[in-house]
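Novice: Each chain is listed here by its residues.
There are 4 protein chains.
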Amino acid sequence: MVIVMKPGAPQEIIEKIEKKMISLGCEVHMVQGASYCVLGLIGDTNKINQGQIEANDYVEKVLRVQHPFKLASRLFHPENTVVQVDGVKIGDGNVTIMAGPCSVESEEQLMTTAFAVQREGAHILRGGAFKPRTSPYSFQGMGEEGLKILRKAKEATGMPIVTEVMCQDTFDIVEEYADILQIGARNMQNFPLLKRAGKSQRPILLKRGLSATIEELLMSAEYIMAEGNHNVILCERGVRTFETYTRNTFDVSAVPVIKELSHLPIVTDPSHATGKWSMVDPLAKASVAAGADGLIIEVHHQPEVALCDGAQSLKPEKFARLMRGIEKLVAIR
Amino acid sequence: MVIVMKPGAPQEIIEKIEKKMISLGCEVHMVQGASYCVLGLIGDTNKINQGQIEANDYVEKVLRVQHPFKLASRLFHPENTVVQVDGVKIGDGNVTIMAGPCSVESEEQLMTTAFAVQREGAHILRGGAFKPRTSPYSFQGMGEEGLKILRKAKEATGMPIVTEVMCQDTFDIVEEYADILQIGARNMQNFPLLKRAGKSQRPILLKRGLSATIEELLMSAEYIMAEGNHNVILCERGVRTFETYTRNTFDVSAVPVIKELSHLPIVTDPSHATGKWSMVDPLAKASVAAGADGLIIEVHHQPEVALCDGAQSLKPEKFARLMRGIEKLVAIR
Amino acid sequence: MVIVMKPGAPQEIIEKIEKKMISLGCEVHMVQGASYCVLGLIGDTNKINQGQIEANDYVEKVLRVQHPFKLASRLFHPENTVVQVDGVKIGDGNVTIMAGPCSVESEEQLMTTAFAVQREGAHILRGGAFKPRTSPYSFQGMGEEGLKILRKAKEATGMPIVTEVMCQDTFDIVEEYADILQIGARNMQNFPLLKRAGKSQRPILLKRGLSATIEELLMSAEYIMAEGNHNVILCERGVRTFETYTRNTFDVSAVPVIKELSHLPIVTDPSHATGKWSMVDPLAKASVAAGADGLIIEVHHQPEVALCDGAQSLKPEKFARLMRGIEKLVAIR
Amino acid sequence: MVIVMKPGAPQEIIEKIEKKMISLGCEVHMVQGASYCVLGLIGDTNKINQGQIEANDYVEKVLRVQHPFKLASRLFHPENTVVQVDGVKIGDGNVTIMAGPCSVESEEQLMTTAFAVQREGAHILRGGAFKPRTSPYSFQGMGEEGLKILRKAKEATGMPIVTEVMCQDTFDIVEEYADILQIGARNMQNFPLLKRAGKSQRPILLKRGLSATIEELLMSAEYIMAEGNHNVILCERGVRTFETYTRNTFDVSAVPVIKELSHLPIVTDPSHATGKWSMVDPLAKASVAAGADGLIIEVHHQPEVALCDGAQSLKPEKFARLMRGIEKLVAIR
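Residue numbers (the UniProt record's numbering), protein chains in the order written: chain A, 1 to 333; chain B, 1 to 333; chain C, 1 to 333; chain D, 1 to 333.
Honestly, I wouldn't trust all of these hints.
[Stated by the list, open to error] When the alpha-carbon atoms are kept at most 27 Å apart in a straight line, the in silico DSS-like pairs for lysine-lysine are as follows: (1) A:K259 x D:K6; (2) D:K6 x C:K315; (3) B:K259 x A:K195.
[What the hints assert, rightly or not] Label-pair distances were calculated between CB atoms; the ranges are: (4) B:E15 x C:N94: 38 to 44 Å; (5) A:N80 x D:R64: 31 to 37 Å; (6) D:R324 x C:Q201: 37 to 43 Å; (7) B:E260 x D:F139: 27 to 33 Å; (8) D:E107 x C:V305: 40 to 46 Å; (9) C:N94 x A:I173: 31 to 37 Å; (10) D:G121 x B:I173: 55 to 61 Å; (11) D:E144 x C:V305: 45 to 51 Å; (12) B:Q84 x A:K6: 41 to 47 Å; (13) C:Q84 x A:M111: 50 to 56 Å; (14) C:K328 x A:G158: 29 to 35 Å; (15) C:D169 x A:E12: 52 to 58 Å; (16) C:E227 x D:E144: 46 to 52 Å; (17) B:E15 x C:D86: 27 to 33 Å.
Because the hints were derived from the structure by calculation, they are not lab data. Even for Gly, the Cβ is constructed at its ideal location relative to N, Cα and C.
My request is simple: use the sequences and hints to build the entire structure.
Specialist: Shown next as structure tokens:
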């Protein structure tokens, strides 16, 4: 950590801060330039409250040298984490495909789609039972009934299930039915939910928030890991920008950045990133070419009657075409 | 709602969509241009699932004419909502001041600050007991003990209390102690929390999310109101942009925009918006000049030892100076 | 174009606007809903001044149905444009590689890099002679001397040259030496420069502005095309967001979006998008997988002594590895 | 400047960088932490090419301590700069009002508006003769004829003129007619134009780019000042964000931030910031309350027939009301 003092900061204030930092267990190196005095701190600076230092009238700014995450950091854990669920691996160098409808709408709908995606090579079945919706007047998901249908689909196909958990109140029940628990973009900094997820035995699929930096995503993973659950899968699903043609701006750079900073697997969700089915194929391929460990793809046998996010769902035949393209890419990776 | 068909969309598809819309209770007006065929819908289009329409291969886009919120809309409720708590009004044309420390840290700290802000004219005491923090290693708040100290401060000063509620699990207890319940920026789209807030008898102070549009903020208010709680106070606290000198970019336009679109009171939080105490005074004044119904100001008697957000806290003497400036502004509004 | 009137707009105002639109050559369809009256316009709405309509106190908003670009639009020009220069094609389904240093620094530097990139399969040599720099104190490029060195490199290698043109004053001279003229991100809406480019016989490589929407990029292409030059190559090079780990956020979606909206070729610049050499390889591959027509890659034989943007330059051996990866991707596209 | 080495960087590389920095005239302080080695540099680091250092495979990142601008910095020039033109001062503690139509459309239009704004207390007349427009098919301004009309309005009213200069080619002619030369947001980083402006005797009104940081705005001012012209007036006119209700997001914080960082006057343009006339009044007041040195306000006697930006123009009677509000605010500032 580096503390930059304002030009003209009195010597006694600088010394006061120096002493305070030493008392917190840091070694302090003072460097006096022409205009600025700079204090370089060595030691466990994670304990230091940056805001307290910045509150000083004579402090210009505080620069961090180290990333604030540890358990999620590749620096302290160089080998890739491989998450396993029912024999399916995520993060082992292959591309794991999670596919299915946005929402579970009926047994017939889910079964039709589940068999369709399995036939084309999907490894994990996705489907929402509890749905976060911008409007209180939109379909909010089938709830526990949806979870039961997901369980049936798992029994019929053998595919493990990933589904969203929205709150502490329904955590236990979702945990009972699902194999991987998804925490959605809007909940990425729902800290009580993250803590609860950290106590779960299930792997957590953590989606990046709409305006979360990659560092904040890794800090949210850190919340889960700090409670003991190290099976965290990260997911890039687009961030919010000024561009309006796509629903979000898909940040494909997040894939190599996360590979650099962390040992956790990173998958992408091109369906939510763009909100347009015609963009799913090129962005899925871009993700795989950039090194993603997996993809989450929305598939619906009749998108035009889907109760949620039909605009971004692939029909099974388009999904089949995408899978053939992905296979070719994986072969040359 | 306006449906724009792709150029060259087959007549039978257009008619199919037309019939579907009529079956949903809409009147449909077809307008055929040189390249585009456009369908104008009349009726309660809130029931229509926009994604289903956009899922059609021949639909170019869907444009909404009406805002999706109703209970929060000034269109259906032209008079200003005035929220009252313990005799303090918010939204009645005056500027209501909520002030206090970011976090409750001790009885002595809160009492000192509480008396200081009251002396300078604050109406409501703020202070966090449950704190959302980006890092799991940061101070997370005193919890129920903090609530008890807030209660004592209320008894000593007579000022009502506003404090954050972070999750369903601790909702009941926060509701028991606090007069106004704050839902923080990161929870603006925590829909189960919003629904629970909608069942509360307490007014809700709802903060705008870091990358939430004003429409989304109003949709989150709609969630609360749809459950029966119409006492919602909105709060602008800065949005996330590319600018790094301030922590967030304070969107002062949100004040007049919300006045135009909604009847709910709108207050601002210049402390969180910038993260710098030196910016609080000018932005507070800008808010009042733009028509804000109130301000939330962080005050700490010793910011340099604050456990949270010290960098943005005003010392009591700076708060006093700010209050004198606000009073002059209110006098000429 | 759709005009949405405010609820309660007087009938006479609506009729006044209707008449005005008819007088401008439009057919007007009025649709009266419960709260809103909507006017649907048919005809050449490009002539209509949207701001004039919105200036009316009773107009809520104006929605556009059609994109505002025509010459750049795939709707009116369904086949792909293929730009040709010295036998090299851009937009014909292959991936055209433009590579070289950020800036021309000396004859030795350019020649070394030129031969290196040619050996690995690059088609076009890039190199800046006039450099736009954020600071007036940074190296501003070698100017005409740099152009002469580029010319020598072309003579030695046979590769055509792409280089930036920064202003009208130096347009003629850059045009004399270069084969493709690049207009940089900061000049994307330098309209006099675009008009001048439209009068050139040289193909123009137009980079997307830091915060330009895709529609605005296409409107800038329209400026060039409207003056008669239809050889425009578009370039995605990252947009500005809140994320700070990468210099910009690379919007890979721009590739398929532009393929959908326009017939012009689209290439990407992963070097400038991220500002980090370690990100160039994955983002270049992502671009190709998403359908890009070409890549611009910064290569420097000694990045640590580069006068400009060394942090994002590949060494020749890393460029060679990237080229092998790209070739495999092209083979399966 | 602080260089952070990657964990595990070899000692010889660290020493090589150290020597290089010493050879560039810096004093280097090495601080070795548990994971990171950090080099603190003292001396004139503006000469150091940050990219060259970052190009090193073992460098994690480079942190800057000092702002990169000097002439524009308050640190080296503590007193406020006051710009004077024809007896009108900008930056002397008062609020200078620049008002007039977006574009000059005819002598009658300009004269009507000029007398109207003067009557209400405006100090400077604004009006565009050369107009940057997103579409090549929009009205591009009257050019020199417009300048002549502006000159007539000046002769009739005595008010100095501010008008936009778009390029080098027309610089001389605009300079001949105008008193203050405006450089628009899209040209904020048109460096040849900035250099030309730096050679002018006229004050320059420099608008912040749509996605420019405040630091970049000050660096653009530095370009002008480095050429000898120190009469630069900065202008906040909204930045681009995800919010769509307003055209841009007006960053009122820019006012106090610039007051802190620079000695140059800062004015705001609430008309362009929002694109909506109903927002101009509250945002103008917010600007003044936050400490702005002036305002640029679009006024048109018939906005519904304005050839440009009618939606954001105030009618004279609304401008009069705004002026009365501003006067009250100025009185208590």
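Novice: So, against the hints stated earlier in the document, which numbers end up violated here?
Specialist: Of the numbered hints given earlier, those the structure breaks are 3, 6, 8, 9, 16, 17, listed in rising order.
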